[in-house]
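J.: Could you build all of it, start to finish, from the sequences and the hints given here?
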Amino acid sequence: MKNKYLFPVALFLLAIALPYIVPEFWVHVLTEILIMGLFAASFNMVFGYMGQLTFGHAAYYGVGAYTTGLLMVKANVPLLLCLPLSMLSAGLCAAVLGYFCVKLRGIYFAILTMAFGQLVYYIIFQWYSFTGGDNGLQGIVPPAFLGKAANPYYFFTLIVVAIGMIALWIISESPFGYTMRAIRDNAERTEFIGINVQRYMHLNFIIAAMFAGLAGALWGPFNRSVAPDLCNWQHSGMPVFMTVMGGPFNFLGPLIGSAIYTMLMAFVTSFTEYWPMVSGIIIILVVLLLPGGLLGLLEDKFPFLRRKDDSEKGAEE
Amino acid sequence: MDITSLFTQFLSGLTYGTILFLVAAGLSLIFGVMNILNFAHAALWLMGAYFSYTFWNLMQDYSFGFWLSIPLAGLAAAAVGWVMEVVLIKRIYKRELYEQLLITYSIALILSDTIKLTWGVTNKLIVRPEIIQKPVFIFGAPLDSYFIFVILAGAAVASGLWWFLKYTRYGHIVKAAVHSREMVAALGIPIPRIYTWVFTLGIFLAGFAGGIQAPIGSITLGMDTAIIIQAFCVVVIGGFGSLLGTLVGSLIVGEVMSFTILFWPEGAMVLIFVITAAILIVRPWGLFGTPMRT
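Protein chains in written order, with the working numbering: chain P, -5 to 311; chain H, 236 to 529.
Since the hints were made in silico from the structure, they are not lab data. Check each hint, because a few of them may be wrong.
[As the list claims (entries may be wrong)] Partner residues are not named here, just some residues of chain H that face chain P (Cβ under 10 angstroms, in silico):
#1 L323
#2 A343
#3 L344
Here a beta-carbon is modelled for each residue, glycine too, at the ideal position from N, C-alpha and C.
T.: Listed below in structure tokens is the structure:
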């Protein structure tokens, strides 16, 4: 219990200190790490806690990004109001699409989420009059109180992501979160003890989509624009990489994975354009050599890091 | 709208469907037998197109060079696929679904960059021989004369595969493996070797499809990212591991694309995904597939 919060708090303090130490370029990278980390953590609600692989999670991230982008550019809605509205719109999308997805399991779940993801992508891509099509939306400027420098938007992102992560943590540690683990480990038995598995999975899918929408909402003002590529299947692969790198059986795994992936990308792209090849090689090595991700490896080497209740996660299933 | 233009639309849908069939047949075979969803399939298809360009370039002085480069592209891609299977795919048959997807996805990333490194970023164009430069008219509807070859090649591959699966010993083994790998293994058939050859055959089909695709337009980087998703749709609609299903699925997707363009061009892809999602919800194993072990 004592050291349970030590690591997250240390990480948060480090996140506060870092922008004063590193050059501005890396502050941008840090902002991206946080946004993608929240995205990956929301993905892991479905993947790590519910045991289903979604390959269309970028759709909800994209819906969130476009909600904020459209509201800010076309209606001048303040950013702080856009964030909950983005969560709402992503959640509504997931309520409709997720209803069908949770009827399926395994590879069919993965393919249906991917098909729906592509559906959202093509709608955004083709609807020129509303979304700007493949031009995307430009001129999404963070509000005046955040200024033009990198640091203020970074701290804003840090606060929003921290709140988002705490909310996800509370959900994952609630009875609802443990129901999800039960469904992951054995859906049939969970059904037998009187739990409506599909309804719980649906609800979890919506929650995951809402936080993906929140992460997406932060992206537009950070990047000053949004593009339909945010929704496509390649972008849906990113949280999968990050989560697998960091460790899916650990709450902070996706965030750590985002840090590794994003920093590597920033570093590698500074001297070669062949980042996809490098990332492909890295992912293959991680999958073949580090099945539990980085945090999984650390827990194996240093057992005291392991939290009791999560120790026997379904790695062997 | 007159009947001729509808017929033109039908023919172009048929051509596109044929290309999709050639790409999806290997994908469906590989998934049906090994349960591996190969994200790298379209990258190998694109590689086949580039291989075909290279072979055509080397054999420009000969009149048969154009035609020979297509099967050679298939063989070259199959060689790459064989190496891929032996080095990497072999290790992941027993792994988790997400690990398999990540591995094939990573291979797709690596292959795409390999293509960029090998052939550069400029578009490649294969000049067709004279006999297939002019359109032909079928019942008054104009059709690119090369498309006749495409459709014939698709029909030949479909019947060849059908013959292979129905009448040869190895075809029977492959079909049996789609239904129950354990049973096939129990009969003393060396499953790992069968897997290697099924994978190589699937990739041969992808490379061959790439070779066929190459002379249609110019060959460009990134062509593969759109077609892989459409090939997935074909396989889902038709049913994993079913040759007939893949054929029907590709014709559905090809014709839907072709006719949607007449009255709702923006909606073509959207409609395809709606159909795919509907099939997955109602009949996850596809129109012609069988409910599978999970």
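J.: Under 10 angstroms, Cβ to Cβ, is where L344(H) needs to be relative to chain P, so tell me if that hint holds or is violated.
T.: Interface hint status for L344(H): holds (4 angstroms vs cutoff 10 angstroms).
J.: Have a go at the L323(H) hint: is there a Cβ in chain P nearer than 10 angstroms to its own Cβ?
T.: Given a least distance of 7 angstroms, the restraint on L323(H) holds.
J.: Do the numbers back the hint for A343(H), that is, is its least Cβ distance to chain P under 10 angstroms?
T.: holds (8 angstroms)
Checked against the numbered hints above, the structure breaks none of them.
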